[in-house]
Amino acid sequence: MREVAVVGVGLTEFGEKWNTSFRNLFVEAGAHALEDAGMGGDEIDEIFVGNMSAGRFVLQEHVGALIADYAGLASNHIPVTRVEAACASGGLAFRQAYTAVASGLSDIVVAAGVEKMNDVDGSETTDALAGAADREWEGLAGATFPGLYSLIAVDYIHKYGLTREQLGMVSVKNHRNGAKNPIAQFQKEITLDTVLNSTLVADPLRLMDCSPVTDGAAAVILCPLDRAKEFTDTPVKILGVGQATDTISLHDRRDISTLDATTAAANVAFRQAKVERKDIGMVEVHDCFTIAELCAIEDLGFAKKGTAGKLTEEGWTALDGGLPINPSGGLKACGHPVGATGIKQVCEITTQLRGEAGARQVDADIGMTHNVGGTGATVVCNILGRA
Amino acid sequence: MGVPRYWRKQKNRYNLIGTMCKTCGSYYFPPRELCPKCRRDGEIVEYQFKGTGKIVTYTIIRTAAKEYDYLTPYVVAIIELDEGTRMTAQVICDIDKPYIGMPVKSVFRKITEEGKTGMLVYGTKFVPA
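Protein sequence lines, in the order shown, are assigned to chains W and B. According to my numbering, the first sequence holds residues 1 to 387 in order. According to my numbering, the second sequence holds residues 388 to 516 in order.
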């Protein structure tokens, strides 16, 4: 296996992008990544695209070919593959790209993610996202996606005594970070009162506990580590990559409020990276709902089960805390274009490790990403470090 | 969703008929055709669940997908059936009533309707026991 580096990153602004189409989102992120790596496009051997549901959101399948075409690469005839694991689609694309370079099959590979979620109305979006869980035995019972995470929250609160305020502080912290991120959907700080007084979606989760519906795309360019200096002065090395699965339905899990796939994926990544939990200086976690961030901190192995709420309250997860969580603003404030999120997380950690994160800069040599599909049926974890 | 998708699981959805593995004695609802514990060594047979169990965790859905919107607010819970398996279902009760550990029993109810001219979908919900 070859060592692999990230040599280029590109993002669109995240948000409600009424003037931008599905394909243009991808092209914009891809162009930024190429520019970042100083490439023209002919260097690219292969592309992997994470996309959850273009079929539902824009009635478009065959996304790989569409993207190759509008990225101006149709005449190069390179393989372009769309991969899907709900909200972990981007994470999968990254791992596929990593595998392609590490194995020697391809040299320069783009891992991208794109989602255009605002071209259908809200209830259609809710229904499409419900497909991330078991349609026949969860969705048909009337369980929405926020509803499933609420089932996790109620179980968690019952077992560990989390306060409603602590849950809200996750959102407040992520908005504080998002306010410092120029591509974030919500570049605005909020108060705890705003969270506590927002509309109930599924008890106990309120609107401001939920990540938004977002249009956006992200792309990273990978190459063998020994060629990285051809493209950048500040390559970032991929130290560990882990992917894991669990039952599709929440009700079949060993423990309702523990994501075993998070622990499994993290363990694979840590084993490969040969680093310890204490070596990690920042983490982009999958905070699709506030409760998910708390579970992630614990299930990744950074805190004892039931303690992440208190740690959040004490500021441990803030930008200047013991372990900054979601410097980008996370899914809550930066936005959650589902297929793009796993790649956006890698963009954020790469930008941070290069020291280019501006007002939200964290001083760290090693960072980690954590991308979840469904309620924890797929998880991808990556560990990245300065090369 | 089309008619066959509901129709083929009608027996299971209407009557709470799942499966059990004769090799290891595990019960499955939703039904499984392959026992995850025994895999090829498993022997799956049909099983009529008693329909009694308790709430493991619950929520009150306030914002629903289109076809469930008319039901809001409604209670969705993970139910552990007495046989040991768990399933997701609605509980028909006041929204301030459910609690973890609450005993429930299954009832046959309309689940949703697919618009004014669409299908009526029936299945299993739960009520306080």
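Treat the hints with caution; some may be incorrect.
[Stated by the list, open to error] 25 Å max Cα-Cα, derived DMTMM-like pairs, lysine to aspartate or glutamate:
#  : chain 1 : residue 1 : chain 2 : residue 2
1  : W       : K159      : B       : E470
2  : B       : K484      : W       : D260
3  : B       : K503      : W       : E124
4  : B       : K437      : B       : E454
5  : B       : K424      : W       : D252
6  : B       : K441      : W       : E136
7  : B       : K453      : W       : D203
8  : W       : K278      : W       : E35
9  : W       : K229      : W       : E43
10 : B       : K441      : W       : E3
11 : B       : K424      : W       : D255
12 : B       : K409      : W       : D252
13 : B       : K484      : W       : E43
14 : W       : K159      : B       : D469
[Unchecked claim] DEER-style ranges, computed between Cβ atoms:
#  : chain 1 : residue 1 : chain 2 : residue 2 : range
15 : W       : L59       : B       : R496      : 47 to 57 Å
16 : B       : K497      : W       : D363      : 39 to 49 Å
17 : B       : K424      : W       : E276      : 33 to 43 Å
If you are wondering where the hints come from, they were derived from the structure by calculation, not from laboratory data. Even for Gly, the Cβ is constructed at its ideal location relative to N, Cα and C.
Going through the hints against the structure:
Distance check on the hinted pair: K159 of chain W and E470 of chain B sit about 23 Å apart at the alpha-carbon level, within 25 Å; holds. For the hint pairing K484 of chain B with D260 of chain W, the CA-to-CA distance comes to about 31 Å; that exceeds 25 Å, so the pair is violated. Distance check on the hinted pair: K503 of chain B and E124 of chain W sit about 18 Å apart at the alpha-carbon level, within 25 Å; holds. At roughly 29 Å between alpha-carbon atoms, K437 of chain B and E454 of chain B are farther apart than 25 Å, so this suggested pair is violated.
Simply put, K424 of chain B and D252 of chain W have alpha-carbon atoms about 13 Å apart, close enough for the 25 Å limit, and the pair holds. For the hint linking K441 of chain B to E136 of chain W, the alpha-carbon distance of about 21 Å falls within 25 Å, and the restraint holds. Between K453 of chain B and D203 of chain W the alpha-carbon distance is near 19 Å, which keeps this suggested pair within the 25 Å criterion. In summary, the hint linking K278 of chain W to E35 of chain W is not supported, as the alpha carbons are separated by about 35 Å, beyond the 25 Å threshold.
At most 25 Å may separate the alpha-carbon atoms for a hinted pair to count; K229 of chain W and E43 of chain W meet this at roughly 15 Å. The suggested pairing of K441 of chain B with E3 of chain W is violated, with an alpha-carbon distance near 51 Å, which exceeds 25 Å. Proximity of K424 of chain B to D255 of chain W is assessed by CA-CA distance (about 17 Å); at most 25 Å being required, the pair is judged to hold. With a C-alpha separation of about 20 Å, the suggested pair K409 of chain B and D252 of chain W falls inside the 25 Å cut-off, and the hint holds.
Restraint check for K484 of chain B and E43 of chain W: not satisfied, since their Cα atoms lie roughly 62 Å apart, outside the 25 Å limit. Straight-line distance between C-alpha atoms of K159 of chain W and D469 of chain B comes to about 22 Å, which keeps the hinted pair within the 25 Å bound. Taken as a hint, the range 47 to 57 Å is violated for the pair L59 of chain W and R496 of chain B, whose Cβ atoms sit roughly 34 Å apart. About 58 Å separates the C-beta atoms of K497 of chain B and D363 of chain W, a value inconsistent with the hinted range of 39 to 49 Å.
Between K424 of chain B and E276 of chain W the beta carbons are some 34 Å apart, a value that agrees with the proposed interval 33 to 43 Å.
Checked against the numbered hints above, the structure violates hints 2, 4, 8, 10, 13, 15 and 16; every other hint is satisfied.
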